[in-house]
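Colleague: This is what each chain is made of:
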Amino acid sequence: MTDRILDPLALPAAAPPQDPALGGAKEASSGPWATAWRRLRRDRGAMVALAVLCLVALACAAAPLYASAVSGTNPFATNLNGEVTIDGTAQPVLAPSTTGLGLGVTPIGPTWAFGPYMLGADNQGRDVAARMLYGGRNSLLIAGAATLLTLVFAVAIGLLCGFFGGIVDGVLNRVLDVLWAFPIYLLAISLSIVLIAEGLTIGPIDIRAGSLWLPIAIIGVVYVPYVARPIRGQTLSLMRSEFIAAAIALGVPPWRIFVKDLLPNIMPRVIVLVPILLALNMITESSLSFLSIGVQPPDASWGTIIQDGQGLLYSRPIVALAPGLAVALTVLCLNILGDGVRDAFDPRAKVRIA
Amino acid sequence: MPAEPLLQIRDLSVAFRTERGLVRAVEGVSLDVEAGRVLGLVGESGSGKTQTLLSILGLILDPNAVLSGSVRLDGEELVGMPHRRLRRIRGARAAMIFQDPMTALTPVHTVGWQIVEQIRAHSSLSKRAARDKAVALLAECGIPDPARVVERYPHELSGGMRQRVVIAMAVSCEPRLIVADEPTTALDVTVQAQILALLDRLRRDHGTGIVFVTHDLGVVSEIADTVAVMYAGRIVESGPVQALFAAPRHPYTHGLFNSIPPLRGPRPARLTGIPGLPPSRGAPEAGCAFAPRCAYAFAPCAARPPLVPEGGSRVACFLPRETKQGFRRAGEIAA
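Protein sequence lines correspond, in order, to chains A and B.
All residue numbers for the first sequence refer to numbering that gives the first Met the number 0, where the first residue is 0 and numbers rise by one.
All residue numbers for the second sequence refer to numbering that gives the first Met the number 0, where the first residue is 0 and numbers rise by one.
It should be emphasised that the hints constitute simulated quantities derived from the structure, not laboratory data.
Careful, some of the hints might be misleading.
Said to hold, decoys possible - Covered stretches of chain B, as calculated for chain A (at least 3 residues, CB under 8 Å):
hint : stretch
1    : 2-16
2    : 103-113
3    : 164-177
For each residue, glycine too, the CB sits at the ideal point set by N, CA and C.
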């Protein structure tokens, strides 16, 4: 029988070290993460977007510095009767309105100089530029924290559904269905009204009016079904893949398959969702704050500043325009980065979402 | 009383509950595999060979599957064994090799990591020792420069290399039994030969029993000691490879050999096949499942033929012995 079989060692051992299957001898081995990062670094658009995002984040981080060193005013205190010296002349921060019926006030306009009131003042005499930076801090923080919250819940639910199936899948899916049945903003508004009125304390987390946890919790919760569903689907398809079957066949215990096979394989697909979710959360946060159910005054976020600027749209449009542009720029960059990340992890996916 | 073989399957049946009733994938299959021997399980798609293989390790995870019969590994009953105990047997005493090496390795870890994990799941070796063992295993499986290959991710390796890695993983705990589901089908012919040589060497060196599923009769003739031919969930003929290849006794086996185009001589205008299609697997057929396609079908075929010993093999066919001895292989195949 065996004499017909080739000498087992002859062929493979004869293969020279530069086996084409091993690629170039010089190139270091790289896993999916390193490969994706290398691809992303070659994507110029994504790198520019990432740079802009870093700049925005840095500027926002430097908000206290700007407020004390440049604007020189407290961005959270009203300054109705203050004066500011510009080009050697003292000007009131809020001047009586000269248009229409002469009612109300017109805040000082943008000076466009790197100093106090660079972007003018709002209707309470507060430095808009300083508030923009503080607002950006909150907007970014809320979007980031809410994204984290959404991912933790969504990945947990999606993985559990896909891994266990059966009753676990059924129950969790019905919970998601309930959440999903509400339009996002309706759900967010309902939640915020209840939470603002009642408050909720979970361990160290104190959710009440004026706390940043409020918008974080609301935004974090409403998007969970939208993320959990695709992750569940991908988990199901992973569970059918042969390497999971192989792991079972090799006697790997279920929890190890969960932690060592499922989780690392699902993570690249989760990462792809991060920039998109950040952008979505950014917009949701601004919308909720604009509706006064997100960040509560005197705290600022880009959404609340847009709301402040709403009444000044004719006299001082910059107050609403500046934070609006900031949101637009950040979201644009996040989307470009998101495209890049997706391409980096799955270069074969040619489908573009317009 | 002779010692019990390494693997003893008795009257194994697998059925699936579906909307259209019970679909029987495997019916009354009995097989023996001795240590150091290779059993080739042959049949066309849907004949139940893969389900038979999966049920050995209790890997039919479909909740609608109904399993009955007995699978004994070293005298230990595996059917109905609790998952926890079954898990300690999988990979350690019986390992499986899958068909497609492209998908049988997880893409996010290096192959070395995967082999080390496998070793450490079943032994108390240190990471360092497990790693050294992984390198040694890869070398044993004919991988050049194994110390570098352990650092590689599966996508950086060719199909043949990956199948070697999969085999290295399967043999890492020196299992008594390897079940292989068409391990060479996804590979080209030269790599196929190397993999077959590797499996043959492993069973010679370690006395491993191998169950080898394939639809390729050429591969069976290369590696197997005994062959079992499956049709419609049942074994229709089984026996030593030489006897079965020299003189197939079941019309279906005969048909399979006739379907192989001759290597020498003029090429036939049309390839010979077996007319008709395998039966759909709903209600159990009363008679011989092959009868509707069989050129020799006669009245007794309305009842189910038992698998009876005949000339060293076992055959499930009512045809008179003389008719069956008349079957000869139409063309010589590779062997």
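Colleague: Next, verify each hint and record whether it holds.
Modeller: Status of each hint after checking the structure:
1. 2-16: It is violated: at least three residues are needed, and the stretch 2-16 of chain B offers just 0 whose Cβ sits closer than 8 Å to chain A.
2. 103-113: Three-residue rule met by the stretch 103-113 of chain B, so holds; n is 7.
3. 164-177: holds (count 3)
Hint compliance for this structure: hint 1 alone is broken.
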